[in-house]
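Basically the numbering used here = 1-based index in the sequence shown + 4.
No lab work stands behind these hints: they were computed from the structure.
Glycine is no exception: its CB is placed at the ideal position from the N, C-alpha and C atoms.
Among the hints, erroneous ones may be present.
Pair by pair, the computed Cβ-Cβ distance ranges are [unchecked claim]:
1. Asp69 - Met5: 35 to 43 Å
2. Lys41 - Gly73: 13 to 21 Å
3. Thr26 - Asp74: 18 to 26 Å
4. Asp69 - Pro25: 35 to 43 Å
5. Lys39 - Ala88: 18 to 26 Å
6. Lys81 - Ser53: 20 to 28 Å
7. Glu77 - Glu56: 26 to 34 Å
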Amino acid sequence: MSRVMGIDFGEARIGVALSDPTRTLATPLTTVHEKDKGLQIRRVAALASEHEVAQIVVGIPYRLDGSVGDMAEMAEKFAAKLEATVGLPVARWDERFSSVTAEDALRVADGGRRKKRKGQHDKGRIDQAAAAVLLQEWLDGAARSGA
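Please construct the entire structure, taking both the sequences and the accompanying hints into account.
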């Protein structure tokens, strides 16, 4: 099998995660710190090539009621441009709670400490962890469906 990349899209930062070659486990990879959409696409495309990714999963942040908001529209546009650029299949995944889940997991991993202010480093860690959460959910769903 081959790796799958997970993307937690944001306007200023993009969290990136990667599966293992058996598509069983997702782990955080990096955070892309770019506001320019073209640079974001090129950086993610380079990471996909470097890690020999066969598919990409982009989280779409639907609203709690399931409707499409501004961020979901931007993530969908990003996914479409990425798909056209990399020539790989790009799946979309509902990632409404991935950042909250990631932040909770990081808090537990840090011994329950809660920081009053989040620096860029902490936000980047959360973005990477959110990408890993959404990718793991997608991998688990694909395994259940036999895909």
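Right, here's what the structure says about each hint:
{"no.": "1", "hint": "Asp69 - Met5: 35 to 43 Å", "in the structure": "36 Å, holds"}
{"no.": "2", "hint": "Lys41 - Gly73: 13 to 21 Å", "in the structure": "18 Å, holds"}
{"no.": "3", "hint": "Thr26 - Asp74: 18 to 26 Å", "in the structure": "37 Å, violated"}
{"no.": "4", "hint": "Asp69 - Pro25: 35 to 43 Å", "in the structure": "38 Å, holds"}
{"no.": "5", "hint": "Lys39 - Ala88: 18 to 26 Å", "in the structure": "21 Å, holds"}
{"no.": "6", "hint": "Lys81 - Ser53: 20 to 28 Å", "in the structure": "22 Å, holds"}
{"no.": "7", "hint": "Glu77 - Glu56: 26 to 34 Å", "in the structure": "31 Å, holds"}
Figure legend: structure checked against the earlier numbered hints; the only hint not met is number 3.
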